[in-house]
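S.K.: Sequence:
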Amino acid sequence: MPRRLQVKRVTTSARGAGWLQSRESSKIGRVVARSYNVNEKLRGQASTDRSTEVVRYKGTALLMKKLKMDGVADDTVSEDVLLLLREKKVVMTVQLTSNEIDPPAAAAGEALLSSEVSIEGLVSIFEPSTAENQLSSFDLEFAVPKTFGAPGVILVRSNSPIELLLLSFTLELPDKSCKALHYITNSWVYSTQNSEPRIFFRNKAYLPKNTPEALKELREKELQELQGDGTGERKESDRIYDYATYNDLGKPDEDPKLARPRLGGSAEFPFPRRMRTGRPPSKTSPETECRTPGVQSFYVPSDERFDYIKSSDNKANAARANGHAVEAASKIMAAKDESDNKSSSSFQSIEQVKQLLYASSSSSSSSSPPAKHKHDIGAPGSTNVSGEKNNQLLFPLPQILQVDDKAWQTNEEFAREYLAGFNPIQIELVKEFPIKSSLSPAEYGDPTSAISEKHIAGHLEGLSIEQAVSGKKLFVVDYHDVFLPWVGRINAQAENRKQYASRSLFFLSSDCTLKVLAIELTLPPSPAGGGKISRVFTPAASSSAAPHSSSSSSSSSKKPDYLFELAKAHATNNDMTMQQSINHVARCHAVAEVAIIASNRQLSKLHPIYQLMAPHFRYTLQVNSGARFDLLSAGGAIEQIYTPGEYVFAMASAYYRDYWTFESNALPNDLIKRGMAEPDSNAKHGIKLVVKDYPYAVDGLEVWDAMKTWNTDYIDIFYNDDSEIQKDTELQAWYEEYRSVGHGDKKQDVAAPGGSWPELNSKTNLAFVLTTMQWIATAMHAPINYGLYDYAGFMPYRPAITRRLIPDHGTQEWEEFQGDPEKFFLSAISDTDTTTTAMSVFEQVSAHAPNEEYIDERSPFWSDDEKAQAAFKRYCDKLKDIDQLIQARNADKNLKNRCGVAQLPFELLRPHSTPGVTAMGIPNSITA
5 MPRRLQVKRV
15 TTSARGAGWL
25 QSRESSKIGR
35 VVARSYNVNE
45 KLRGQASTDR
55 STEVVRYKGT
65 ALLMKKLKMD
75 GVADDTVSED
85 VLLLLREKKV
95 VMTVQLTSNE
105 IDPPAAAAGE
115 ALLSSEVSIE
125 GLVSIFEPST
135 AENQLSSFDL
145 EFAVPKTFGA
155 PGVILVRSNS
165 PIELLLLSFT
175 LELPDKSCKA
185 LHYITNSWVY
195 STQNSEPRIF
205 FRNKAYLPKN
215 TPEALKELRE
225 KELQELQGDG
235 TGERKESDRI
245 YDYATYNDLG
255 KPDEDPKLAR
265 PRLGGSAEFP
275 FPRRMRTGRP
285 PSKTSPETEC
295 RTPGVQSFYV
305 PSDERFDYIK
315 SSDNKANAAR
325 ANGHAVEAAS
335 KIMAAKDESD
345 NKSSSSFQSI
355 EQVKQLLYAS
365 SSSSSSSSPP
375 AKHKHDIGAP
385 GSTNVSGEKN
395 NQLLFPLPQI
405 LQVDDKAWQT
415 NEEFAREYLA
425 GFNPIQIELV
435 KEFPIKSSLS
445 PAEYGDPTSA
455 ISEKHIAGHL
465 EGLSIEQAVS
475 GKKLFVVDYH
485 DVFLPWVGRI
495 NAQAENRKQY
505 ASRSLFFLSS
515 DCTLKVLAIE
525 LTLPPSPAGG
535 GKISRVFTPA
545 ASSSAAPHSS
555 SSSSSSSKKP
565 DYLFELAKAH
575 ATNNDMTMQQ
585 SINHVARCHA
595 VAEVAIIASN
605 RQLSKLHPIY
615 QLMAPHFRYT
625 LQVNSGARFD
635 LLSAGGAIEQ
645 IYTPGEYVFA
655 MASAYYRDYW
665 TFESNALPND
675 LIKRGMAEPD
685 SNAKHGIKLV
695 VKDYPYAVDG
705 LEVWDAMKTW
715 NTDYIDIFYN
725 DDSEIQKDTE
735 LQAWYEEYRS
745 VGHGDKKQDV
755 AAPGGSWPEL
765 NSKTNLAFVL
775 TTMQWIATAM
785 HAPINYGLYD
795 YAGFMPYRPA
805 ITRRLIPDHG
815 TQEWEEFQGD
825 PEKFFLSAIS
835 DTDTTTTAMS
845 VFEQVSAHAP
855 NEEYIDERSP
865 FWSDDEKAQA
875 AFKRYCDKLK
885 DIDQLIQARN
895 ADKNLKNRCG
905 VAQLPFELLR
915 PHSTPGVTAM
925 GIPNSITA
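Take the sequence shown: its position 432, counting from 1, is numbered 436 in the working numbering, and each next residue is one higher.
Bear in mind the hints are in silico, worked out from the structure with no lab data behind them.
Be aware that one or more of the hints could be misleading.
Cut-off 25 angstroms, straight-line C-alpha distance, at most; resulting in silico cross-link-like pairs (BS3-like, lysine-lysine) [claimed, not checked]:
#1 K458 <-> K476
#2 K150 <-> K180
#3 K871 <-> K213
#4 K358 <-> K410
#5 K208 <-> K220
#6 K208 <-> K62
#7 K335 <-> K410
#8 K677 <-> K696
#9 K358 <-> K239
#10 K688 <-> K882
#11 K225 <-> K213
#12 K335 <-> K827
#13 K688 <-> K877
#14 K440 <-> K476
#15 K696 <-> K476
#16 K208 <-> K180
#17 K358 <-> K827
#18 K871 <-> K183
#19 K225 <-> K827
#20 K871 <-> K882
#21 K696 <-> K884
#22 K827 <-> K340
#23 K70 <-> K319
#24 K563 <-> K827
#25 K882 <-> K767
#26 K696 <-> K435
Pairwise CB distance ranges (calculated) [said to hold, decoys possible]:
#27 I166 <-> V330: 30 to 38 angstroms
#28 P854 <-> E470: 53 to 61 angstroms
#29 R539 <-> E499: 17 to 25 angstroms
#30 A895 <-> T235: 58 to 66 angstroms
#31 Q228 <-> M337: 52 to 60 angstroms
Cβ atoms here follow ideal geometry from the backbone N, Cα and C, with glycine treated the same way.
Produce the complete structure using the sequences and hints provided.
M.R.: Right under this line is the structure:
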């Protein structure tokens, strides 16, 4: 039973500590200021005064202890700790704060507080018998004056030596006509014995100017705690959000060769900011933060860490994918032992790749429509597309192979995936021919592309080049300028790292499919300022026929042209690096991290924009921190499996410097910038697509518009006009910090005429900014990440490494190529070790967790505003319509780019998904 309570008044003084500290005592966390017993009459007031009438509020707290993250059992608590807990009379308390100033004491600025209510029986949650993931519910009762009203805050104090997750707190008032009150919790509570109590606001949003008087100081205090003072090394229990540069990717103390430049804070290597950890510098490089021995992670605020389900699923995914890699490596070793070439690091044939790596190795060429769900990586005893039982010890068969396992070699599929693949944001319209580089001719040679009229004339359906350009029929995926400055350094790394800077030129056929015309591969001048080396490759005549349609018999009848396959491999290898280090890590993960830090530092949880954006922050800081620690670090998996190696993220920094702008990440702007669309006020989405059957753009615009409408509706609920946007102090501080601190290396763009940053001076601009931020974390990230395994999980199709350049005629290597083109092709791309490593990484990051939250999902109590809830319901209904529309489009045989030769439907922008690797689903946030 709760103890007898007293209602206490506390002054909210200008010093900022009245609610925490009494006049008689400096002890933190104990309010003992003027108090009175609720059963006594107040200082001469009549007994009929409502302030003397007592009512009882009933609360429910849902708590969970911290569970082991490296297994499935609960964290065990030592007997000493259990004894300590049992001896403590009070382990955790909850105190209510009234929403308004008490009228009789309004002049003194006094607010009402309930007494602290202890959570009885809390020690039971720590008993070893507690089952995994078990939640414990505790009932509390508060006696307060009838004038207390709906509390806007609960203050929580903990004396527990072990952190507890306060999953939820609900309060029921005696007035049955009032709905239950919910508070923004789902937060880890550490001991507050030496700190101030934790503040948890009710899920009712207020703009700063509308904040109830009693909550204003708490609102400011909470933000100050989250901002910290920018000093010291962060501890596990901290909740501080602050900025730092990417100066922890290198490991110079382990090996001088593992030193890496700091990204961010310099003109040469600008980059978005990351979460500050405050670790001391390394011993050998003052610019590089050290890695604490024995510590297997970097700091993130406690509430940003994975929950038990996500953590367990991540570990299960890693164990499964690593197990697949180990089994595949064992089969590869056995195959080498049986062969005559035991020292070879290459696969010996395309069929051997399939046989050694996949649970299903049987060929399957079919024109039948693809199944809805191709594979379930976690289902024991599942069957492959031939109905055979899968070997669960091997990698699941990627969808690119499941219907027609030779379709990947067609030029049609190579071209289609730039419109409907997992990196569909690179293709652009050719606006002049020949194509020209923007790089310095003095350093990189003639800027004019080597692709000339002789390479493409006669392949334009009777059009001249001028007609094709003016008719918007020529398109290019152009990596020349991004890669060429780095190619020399990349190729000097090691014998097995060889790369070109590529251009791939396409023609839009009359049936709205793309036909590859030519691939240009360029090496830098040697020495600088000399003539660069460019080679142009075109498809063989037999490969330039009409596109392979879904009604054709099979792609297996086409004999591979391995010279052009080598050219495609190098072009695709550029695309793989662009997809991973630039589009994925830099443009999505790093940019999203800035938004999360700025929002937690400048927007109170009471702010309606924080409540809108919060679901888009889930898990991202933990994902990014873990990636910096391992995957992205010097010598980590990304450097191992991608051709640029140690330069992979320096290239991302250069891209951010030269090309990134905030506004260009908005889908309509991106399409217009690339020439893939043009403004048209009469068009459905305000823009007209140049390629009508561009699945990513067609589906993406539906999602973008739904998202923007939802944001616009939400903004209209809380802001009456543009002036309220301009006068919102928290909002303006948030956006200014996001631009000038989080993207500090781009702050010069803020003042530049026609700069890349919109002004936050209207409801329209706010909707644009919020939609762009959400888009980056959701629908921009989803195709790039969740399509990785099913589109790139077959190494010969999407090699992450290229090891050999294409041989010149008359050389010994040319003779080797002529003797066995397929074997040479395999020797020029990823070897057996990097293949299995890459596939393991791709499988892990492409999987959805069982508790994934998608863009049509939110906590039922994310807001108490009925209009906001109704607006979100409309958004969800629209997303359901979009999902059905996408499925209908995929079933339309007239839309040839939807499924293509491989019969791999474009589902990457379907809003929802089942768990596992599915190549569909848009999570609310970057969770992988």
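S.K.: All hints are to be evaluated individually against the structure, with a verdict given for each.
M.R.: Okay, the hints, checked on the actual structure:
1. With a CA separation close to 20 angstroms, the supplied pair K458 and K476 stays within the 25 angstroms bound.
2. Among the hinted pairs, K150 with K180 is consistent with the structure: their alpha-carbon atoms are about 14 angstroms apart, no more than 25 angstroms.
3. For the hint pairing K871 with K213, the CA-to-CA distance comes to about 20 angstroms; that is within 25 angstroms, so the pair holds.
4. In summary, the hint linking K358 to K410 is supported, as the alpha carbons are separated by about 11 angstroms, within the 25 angstroms threshold.
5. Restraint check for K208 and K220: the C-alpha separation of about 14 angstroms stays at or below 25 angstroms, so the hint holds.
6. Our distance criterion of 25 angstroms between C-alpha atoms is met by K208 and K62, whose separation comes to about 19 angstroms.
7. The straight-line distance between the Cα atoms of K335 and K410 is roughly 23 angstroms, inside the 25 angstroms bound, and the hint therefore holds.
8. Under the criterion of a C-alpha separation no larger than 25 angstroms, the hint pairing K677 with K696 is consistent with the structure, at around 17 angstroms.
9. Distance restraint check for K358 and K239: the Cα-Cα separation of roughly 47 angstroms exceeds the 25 angstroms cut-off, and the hinted pair is therefore not satisfied.
10. A C-alpha spacing of about 15 angstroms is found between K688 and K882, which places the hinted pair at or below 25 angstroms, so the restraint holds.
11. Straight-line distance between C-alpha atoms of K225 and K213 comes to about 16 angstroms, which keeps the hinted pair within the 25 angstroms bound.
12. At roughly 19 angstroms between alpha-carbon atoms, K335 and K827 fall within 25 angstroms of each other, so this suggested pair holds.
13. Distance restraint check for K688 and K877: the Cα-Cα separation of roughly 22 angstroms lies within the 25 angstroms cut-off, and the hinted pair is therefore satisfied.
14. Between K440 and K476, the direct Cα distance comes to roughly 17 angstroms. Compliance with the 25 angstroms bound is thereby established for this hinted pair.
15. The straight-line distance between the Cα atoms of K696 and K476 is roughly 12 angstroms, inside the 25 angstroms bound, and the hint therefore holds.
16. Straight-line distance between C-alpha atoms of K208 and K180 comes to about 19 angstroms, which keeps the hinted pair within the 25 angstroms bound.
17. Our distance criterion of 25 angstroms between C-alpha atoms is met by K358 and K827, whose separation comes to about 15 angstroms.
18. For the given pair, K871 sits about 15 angstroms from K183 by alpha-carbon distance, which is consistent with the 25 angstroms threshold.
19. With a C-alpha separation of about 66 angstroms, the suggested pairing of K225 with K827 is violated against the 25 angstroms cut-off.
20. For the hint pairing K871 with K882, the CA-to-CA distance comes to about 17 angstroms; that is within 25 angstroms, so the pair holds.
21. Among the hinted pairs, K696 with K884 is consistent with the structure: their alpha-carbon atoms are about 23 angstroms apart, no more than 25 angstroms.
22. Between K827 and K340 the CA atoms are separated by roughly 15 angstroms; this keeps the pair inside 25 angstroms, and the hint holds.
23. At roughly 17 angstroms between alpha-carbon atoms, K70 and K319 fall within 25 angstroms of each other, so this suggested pair holds.
24. Restraint check for K563 and K827: satisfied, since their Cα atoms lie roughly 15 angstroms apart, inside the 25 angstroms limit.
25. With a C-alpha separation of about 22 angstroms, the suggested pairing of K882 with K767 holds against the 25 angstroms cut-off.
26. Straight-line distance between C-alpha atoms of K696 and K435 comes to about 18 angstroms, which keeps the hinted pair within the 25 angstroms bound.
27. Separation of I166 from V330 is about 36 angstroms and conforms to the stated range, judged on CB atoms against 30 to 38 angstroms.
28. At roughly 56 angstroms, the beta carbons of P854 and E470 sit within the given window of 53 to 61 angstroms.
29. Distance hint check for R539 and E499: the Cβ-Cβ separation is about 21 angstroms, which falls inside the suggested range of 17 to 25 angstroms.
30. A hinted range of 58 to 66 angstroms holds for the C-beta pair A895 and T235, which are about 59 angstroms apart.
31. A hinted range of 52 to 60 angstroms for the beta carbons of Q228 and M337 is consistent with their spacing of about 59 angstroms.
Figure legend: structure checked against the earlier numbered hints; hints not met, in rising order: 9, 19.
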